[in-house]
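Protein chains in written order, with UniProt numbering: chain W, 1 to 355; chain C, 1 to 83; chain X, 1 to 219.
Simulated from the structure, these hints should not be mistaken for laboratory data.
This one's a predicted model, so the numbers in the text were calculated from it and none came from an experiment.
Heads up, a few of these hints could be off.
List time: in silico BS3-like cross-link candidates among lysine-lysine, alpha-carbon distance up to 25 Å [claimed, not checked]:
1. 80(X) to 49(X)
2. 49(X) to 211(W)
3. 49(X) to 243(W)
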Amino acid sequence: MGGGEPRTIIALGLEGSANKLGVGIVKHVYADGVPPSAELRPEVVELANVRDTYNPPPGEGFLPRDVAAHHRETIMPLLKQALAEAGLAPRDLDCICYTKGPGMGAPLQAVALVARTLAQLWDLPLVGVNHCVGHIEMGRAITGADNPIVLYVSGGNTQVIAYSQQTYRIFGETLDSAIGNCLDRFARVLKLPNDPSPGYNIEQYAKRGTKYIELPYTVKGMDVSLGGILTFVERLAKTEPEKHTPEDLCYSLQETMFAMLVEITERAMAHVGSQEVLIVGGVGCNLRLQEMMAQMAAERGGKVFATDMRYCIDNGIMIAQAGALAFARGFATPIEDSWVTQRFRTDQVHVDWRT
Amino acid sequence: MADFPHAATLTVPFGEARLAEVARRSLSADQELSGDRVSRTIRADDATLVVTFRADSLRMLRVTVTGFMESLILVARTMDAFA
Amino acid sequence: MADQDQDPGRELLRQGAEARVYKTTVDGRAAVAKQRFSKGYRHPELDRKLTRGRLNQEARSLRRCREHGVRAPEVLRVDKDSATLYVEFVEGPTLKEWIVATSSDEAGEARLMAAAGRALHHMHQHNIIHGDLTTSNMIVGRDSELTLIDFGLSQVSGSVEDKAVDLYVLERAFISTHPDSERLFAGVLEAYARDDAARAVLRRLEDVRQRGRKRDMSG
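Next comes chain W alone, as it looks inside the complex (with noise of 0.2 Å):
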């Protein structure tokens, strides 16, 4: 290593780029420096990681006016409470950190508002960060994988994700809905609870499913469609209930999708030659979907790497992550750039943390 000064980096990282508002503090400890061309690989210690989530009531999804009315509400006292848990006063922050995108337009701009106001008012320089990018980033501090295929499914993304010079590329994604997407829809139709989330309960229901349904199963390459079995299992469900029980209507369509996910997931990991999957995104806490992938991976000598709730789902921290790693190597948002964007692609980052 570099053998130069020793550098701490405290970043505050907010996020709302859906209905779930978190903060997080992180610090970096580099004890020999920043080293000015190798991979950045601090020391990283968890200060602080809070989150609050707004649920709809059953049968509903969430309109961006009411989760951005939720954030508006909860960010001082989530704000006050991190600061708390950290043991630290603003004077203590070396960067604010926030969702840049991608998202829904009034959350992710309610919450750059806050973040926008706290850098002025604590005089600190403001990053701007890539969601994706986040979990990606908390997802190789807090399982160690180095240089994985990340698969990162959500409400709103489905990707097979390989790095590859300072760029994460997409190698493989849906042509149509995101998983989490599919997921949420279908626990509607089911009148599943929202609460602890829609997916949660999905797989809940799967587990007590028995009975395979066979369902349309559409991989082309390494991208995936899942808008035709959603179609498909909504309609037996409304047309035929007494012939299948949603148990098993969960179980099938958990089986099919996850299996297209895992699939296209192997081809990414034979065509880059790598061993590892990293899954990351709040339907990568799914139990099923984790021991699905570790038993593809354990037929090819791999090794699977996820992380459990406090970090699958949208958080803090992950953005205060990647921020402070941005931050390491220079990077700022002055205010006046400083606007949300619902699309941002994971491959429009710079990844110039990494070699």
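Put chains C and X on the given structure of chain W with help from the hints.
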């Protein structure tokens, strides 16, 4: 340039010029979503924030001002909590 | 299963994500045996359906290609019990291997991109959707024409959307495999655009790309 016959002006006292400037910068970063139907200018006049809206319809003007108020209140609450 | 024992001398060419590919002989001809194996992570019913379905579909599409003069290996035997497809051995590097090995031959490269475009146009003209187009699934012949292989994810469809997605899959494979992919793939599309039907597919390809860019939403 579109025709924006409807206008409204908000004048918000912040007590300190510094805080009015903080609010101006925080609120200016994001564009109005319906940029082809409304225009918005924000300036800080000493300790006062002056915001002018112009819109193509009264409804659009009302929606825009209401949305902006929510943002403004959020900025003010952030200042109350952490300034 | 008996089949494996009959053929102890076969040589493993590659092990993919879902099949082992061997070099062997069938009735004295050089052949490739592609044996699909089951995946433990899948539900057994789904696994059987996929393994069988892909074995049959690959054989069907290869035959259809050859009926219409699209260059693809001849099917020599289908062994359902061992989920093995035997096809004629096609000599030559894959397009990917060729590009990697011959990085400075721009004229040769342009010729092969045009050949790829023509082959895909011909295949789509007969409503064959490959389903897994990559530069590893095309074999470069001595005459600089390409032979298409690996039809496990194929289907028969006349839909413009299916054809456009087929090209989109190839475009993404180019991007994730080859530097300077934009120029190379443009050469493929240029040769593909041979008639109005093909130009309609290219217009739809633009829609499919746009959808991809718009999709990245909340986490």
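Hints versus structure:
1. Proposed proximity of residue 80(X) and residue 49(X) is supported: the alpha carbons are some 12 Å apart, at most 25 Å.
2. Proposed proximity of residue 49(X) and residue 211(W) is supported: the alpha carbons are some 16 Å apart, at most 25 Å.
3. Pair hint residue 49(X) plus residue 243(W) holds up; C-alpha atoms about 22 Å apart against a cutoff of 25 Å.
Comparing the model with each earlier hint shows no violations; every hint is respected.
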